[in-house]
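**Student:** Assemble the whole structure, with the sequences as input and the hints as a guide.
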Amino acid sequence: MSLEKMEEHFEKIELSNGIKGIVYPINAPVVHVGIAIKAGSKFDVIPGTAHLLEHMIFKGTENRRAFQINNFLDSVGGELNAYTHKDEMVVYASVRKEFFERALELLADLVQNAVFPEKELQREKPVVIDEIHSYLETPAEQIFDDFEELLFAETPLGHPVLGSLSSVQSITTDDLRQFYKQYFVAQNMVFSVVGAFNKKRDLKLIDQYFSSIKSGNTKKAEKKQSEIVEFNRFEARFSRASYQTHVIFGAPSYDYYSPKRRILLLLNNIIGGPSLNSLLNKILREQKGWTYNAESSVSSYEEAGSFAIYFSCEEENLKKARNSVKKTLRDLCEGRLSDRQFTNYKRQFIGHLALSNDNHAGMMLTLCKSMLIFGKVDTIAQIEQEIMEISKQQLIDVANEVIHPDNLSSIIYYTKNK
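Just so we're aligned: 412 in this note's numbering is position 407 of the sequence shown, and the numbers increase by one with no gaps anywhere.
What the hints contain is simulated information worked out from the structure, not anything from laboratory work. Note that CB positions come from ideal geometry on N, CA and C, so glycine has one too. There are no misleading hints in this set.
With a straight-line Cα cutoff of 20 Å, these simulated DMTMM-like cross-link-like pairs (lysine to aspartate or glutamate) come out:
no.: 1; residue 1: Lys351; residue 2: Glu300
no.: 2; residue 1: Lys324; residue 2: Asp336
no.: 3; residue 1: Lys219; residue 2: Glu110
no.: 4; residue 1: Lys64; residue 2: Glu125
no.: 5; residue 1: Lys324; residue 2: Glu300
no.: 6; residue 1: Lys351; residue 2: Glu391
no.: 7; residue 1: Lys124; residue 2: Asp179
no.: 8; residue 1: Lys332; residue 2: Glu300
no.: 9; residue 1: Lys130; residue 2: Asp180
no.: 10; residue 1: Lys287; residue 2: Glu300
no.: 11; residue 1: Lys265; residue 2: Asp383
no.: 12; residue 1: Lys205; residue 2: Glu16
no.: 13; residue 1: Lys64; residue 2: Glu110
no.: 14; residue 1: Lys25; residue 2: Asp207
no.: 15; residue 1: Lys124; residue 2: Asp135
no.: 16; residue 1: Lys186; residue 2: Glu125
no.: 17; residue 1: Lys209; residue 2: Glu19
no.: 18; residue 1: Lys64; residue 2: Glu84
no.: 19; residue 1: Lys102; residue 2: Asp363
no.: 20; residue 1: Lys102; residue 2: Glu84
no.: 21; residue 1: Lys421; residue 2: Glu240
no.: 22; residue 1: Lys374; residue 2: Glu19
no.: 23; residue 1: Lys102; residue 2: Asp207
no.: 24; residue 1: Lys397; residue 2: Asp336
no.: 25; residue 1: Lys186; residue 2: Glu67
Between beta-carbon pairs, the in silico distance windows are:
no.: 26; residue 1: Lys205; residue 2: Asp336; range: 52 to 60 Å
no.: 27; residue 1: Phe239; residue 2: Glu19; range: 39 to 47 Å
no.: 28; residue 1: Ala33; residue 2: His357; range: 21 to 29 Å
**Tutor:** In structure tokens, the structure reads:
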């Protein structure tokens, strides 16, 4: 096991089996720990396999039955959870510091020794199918899946993480075991720890539990760049049983590795970030009163990315709202943002990042993903410097590349009675 000191008290660790991790010790009564696996939904052979497997690793291991897994941390007031995204799956826990070993032991068991009992699979499939139904019945969530399905059509990024009703029904225990064997290996894993950390004791515990994870005989999961096809602009219209009309505009954007990605994140914060003074919130909600919620988002993956603007409104306001959004974007593309506004937006974006890092559980997940994708983490100071060095012309150039109204695809969910 090797240990490398970094700025801001980050410590990078590499175990004997090649698993890398990042530790951020802080004075707190709680510790958060997670394992990220490069085993997201883009690696599915049958859509929904990774997500169903995420559910099933909690249903039994060689050492524990499902109820024992549920009680192991819950009995000491801890939390155990997991999520699946298109690039990765993350299994994580939060416990009081005196139960750190307990969390490590359980996480190591889940990612090495899951057994996928047939009876548990048949019980869990209806749970996942109910989850899919809940998405299908929630237009504000379903529209994002539809958007990326059309944007990334016929690629591994195209299908929803949850899969479909039919694909989930078709997944077998053999499918899960094959996926688990292929991707749950040391070369596809990283870990992160944020919180109370006793270096002398806890480094040994990490080595004890995580060094036992086998490297396996499979190659490291690689980017599926060759499978990404050319993007096609689209305009899709659907009828939905909904009180409001739901709208999404968007376009392909940058992958994780693009030097322009952080510029786009700044631009996204200006357009429809969480602040009350984001352009969409100011215009569509505060000034016009056309919508309760208007937001923009950036989704980045190893192979590609997407930018999206979402809002909902009464159908009578749709045309006015669409035109207002397009004018806002066109103004940004033409540089109609004062130098003072631009500087203030950069400072605001840095402030948002600082606040997000104050959430230690969220920080642990961010560090996990950064280690998995980049093999490193940037310090707040590094990120702040990079953001402050962004020029107004760079922002304009990225705006014209990604958000120009003439290049945007769209989906509209109209109400059924119209």
